[in-house]
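> Protein chains in written order, with the working numbering: chain A, 713 to 881; chain B, 713 to 881; chain C, 713 to 881; chain D, 713 to 881.
Among the hints, erroneous ones may be present.
Which copy? The list can't say, so a pair holds if one copy fits it or any two copies do.
Claimed, not checked - Listed next, the in silico SDA-like pairs over lysine to any residue satisfying Cα-Cα at most 25 Å (straight line):
| id | residue 1 | residue 2 |
| --- | --- | --- |
| 1 | K863 | R874 |
| 2 | K863 | E843 |
| 3 | K821 | V750 |
| 4 | K720 | D764 |
| 5 | K845 | E769 |
| 6 | K845 | V738 |
| 7 | K831 | D799 |
| 8 | K831 | I776 |
| 9 | K720 | K778 |
| 10 | K845 | I818 |
| 11 | K854 | S758 |
Since the hints were derived computationally from the structure, they do not count as laboratory data.
Number of protein chains: 4
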Amino acid sequence: MELLGSGKGGDKIYDLYLRLEQDVLVKDPDVVIIFIGVNDVWHKRSSGTGTDYNKFEAFYNAIIQKLNAANIKVVLCTPAVIGEKTDFSNELDGDMNKYASLIRSIALKNNLPLVDLRKSFLDYNLEHNPENKEAGILTTDKVHLNDNGNKLVADEMWKHIRNLKLTGN
Amino acid sequence: MELLGSGKGGDKIYDLYLRLEQDVLVKDPDVVIIFIGVNDVWHKRSSGTGTDYNKFEAFYNAIIQKLNAANIKVVLCTPAVIGEKTDFSNELDGDMNKYASLIRSIALKNNLPLVDLRKSFLDYNLEHNPENKEAGILTTDKVHLNDNGNKLVADEMWKHIRNLKLTGN
Amino acid sequence: MELLGSGKGGDKIYDLYLRLEQDVLVKDPDVVIIFIGVNDVWHKRSSGTGTDYNKFEAFYNAIIQKLNAANIKVVLCTPAVIGEKTDFSNELDGDMNKYASLIRSIALKNNLPLVDLRKSFLDYNLEHNPENKEAGILTTDKVHLNDNGNKLVADEMWKHIRNLKLTGN
Amino acid sequence: MELLGSGKGGDKIYDLYLRLEQDVLVKDPDVVIIFIGVNDVWHKRSSGTGTDYNKFEAFYNAIIQKLNAANIKVVLCTPAVIGEKTDFSNELDGDMNKYASLIRSIALKNNLPLVDLRKSFLDYNLEHNPENKEAGILTTDKVHLNDNGNKLVADEMWKHIRNLKLTGN
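Isolated chain A, as found in the complex (with noise of 0.2 Å):
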């Protein structure tokens, strides 16, 4: 198994879908993670450039369909954080919670697996920052993940790659 990298710093959804082709359908891959939503939230705030909610859904279910259509399995991810608190008073709490219940249904909708990373993160700090601190668990700041953040998103989606395999070829 090779594991091929093409995140994109800055990228919404939209960019994913205009990169699709030639960054990941021409590597032939046998499972796409989605991992995108942070932008999309963020840059309504830092550049008036965020995706409206309508907009995000439309451009993940198109996404989504063009994998299907090359038969390459699908695996979704909610985006983890804005900000590390836990009693929901990080700035952007309430859209990204609103974001990552849509991608939530859109796996339900489409019977794929889901790395649900932003409850990974909060249950995460829950037990971690008892502070309530807004950075420095997981995150460097607010945003831009550690090394712990790195291998929590890691270890979450190896759980689900792993049983794919086990349910694959």
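Based on the hints, put chains B, C and D in the right spot on chain A.
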């Protein structure tokens, strides 16, 4: 006892400060109830003209100071809701919680009575909004109160005003 | 010759890209006129969901490339107006000019005909809007076109479509 | 004559109002120069916390009124630039022009001297910025002034302060 309204649609914290003398102090009140914050959060999204967190705090404290200087009893309120869903997936829940927490800490620091409407609204919705709807329980449109919402605000405020009178003159 | 509309309210550049095959290419057109950009600018202010300048350029070029690959003649338009004042004091004039300049340079680089509606609307308003009003000359509400606005767009587009036919088949 | 600075980075119009007594009136000045507006426009885009046009006007007038009541001469300035391009294609030029126009009309209505820095900066750039660059002529980064920018501001202000003195005591 006489109740006088001085609220104005669209106001943010600094608008209260600007109108304080001409609209409130001139009436020589015994008690002033401050109920503000929804627009400070909401306008960030709707028109790019919300209020910075640190500026919100500075003006809030400046208002309390002016009321203290005039020997007026002050009662604080947390902003209630922008969306009535109970799982913190209303788009602006994170920022609402952040500003509500600030007001709670200002009340604590200044030993002022607090009408925690955000908590009251959430408690009410946890009981009466089992379908997790975003409007229609206490608001008509996620923000503006219906009759039940107005009654809940009145009831919660009255609890504190009554107490004030008992310990007052 | 037959004229077919495929425009949709609320669309931004990436929405055109998403709908290109199912709504445009299936009709096997000889010519496609691209008229987009107002929402990409406007939504930055109204909902925090406008389009980044560099992403706007990337999707615009991707659309042209797909139309070129299908041997379809392409005509570009600059976005017309968000506000009709003629002294560049409409709130979003700067960003509108920035995106219009980009489209002009894309037309030049690709040697494509350009319907410069932003220039046409300004010229018209310089003549017919001596009171520097923000709406009512070519729009009803600063953005949506009235009959005069629609006629101006049709006239300007026709000049270029007619020329295309003369030099075409 | 003594010159005293009371400006503070990040301030918007209402911050001036909040600080007026403690930072300006206590110094018992003969003349006050008001130079504000960039953040009121800029923060709409950068953080969703700019200032509504009508609120900007209300606070601006309230400041003038307080200074008048203290018999202080008032000099107004238009905000200079967010980007130095001369063809009104800087992203925020429209809103900058809108707020500058408002200040010009306030000066006219109150018969107050106006240092029209926005006009001075544009005139300077029309002469010295033939390549239509967005920074580097009078600013380091589109907003913050370099030595030439500071000198231009000082020169323009001096013209008006000198005149005030001649007609004053």
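> Are the hints correct? Go through all of them and say.
Right, here's what the structure says about each hint:
1. Taking identical chains as interchangeable, the C-alpha atoms of K863 and R874 lie at most 25 Å apart only when both belong to the same chain, with a minimum of 16 Å there against 55 Å between chains.
2. In this assembly of identical chains, the alpha carbons of K863 and E843 lie at most 25 Å apart only when taken from the same copy (22 Å versus 37 Å across copies).
3. Taking the shortest alpha-carbon separations for K821 and V750, only the intra-copy value of 22 Å comes in at or below 25 Å, while the best inter-copy value is 34 Å.
4. Taking identical chains as interchangeable, the C-alpha atoms of K720 and D764 lie at most 25 Å apart whether they share a chain (20 Å) or sit on different chains (16 Å).
5. For the identical chains of this complex, K845 and E769 are inter-copy neighbours only, at 20 Å across copies versus 31 Å inside a copy, given an alpha-carbon limit of 25 Å.
6. For the identical chains of this complex, K845 and V738 are neighbours neither inside a copy (42 Å) nor across copies (40 Å), given an alpha-carbon limit of 25 Å.
7. In this assembly of identical chains, K831 and D799 lie within 25 Å of each other by CA distance both inside one copy and across copies; the values are 13 Å within and 13 Å between.
8. In this homomeric assembly, K831 and I776 come within 25 Å of each other (Cα to Cα) only inside a single copy, at 22 Å, whereas the closest approach across copies is 40 Å.
9. For the identical chains of this complex, K720 and K778 are neighbours both inside a copy (20 Å) and across copies (23 Å), given an alpha-carbon limit of 25 Å.
10. Taking the shortest Cα distances, K845 and I818 sit within 25 Å of each other only across copies (19 Å), while inside one copy they are farther apart (31 Å).
11. Taking the shortest alpha-carbon separations for K854 and S758, both the intra-copy value of 14 Å and the inter-copy value of 18 Å come in at or below 25 Å.
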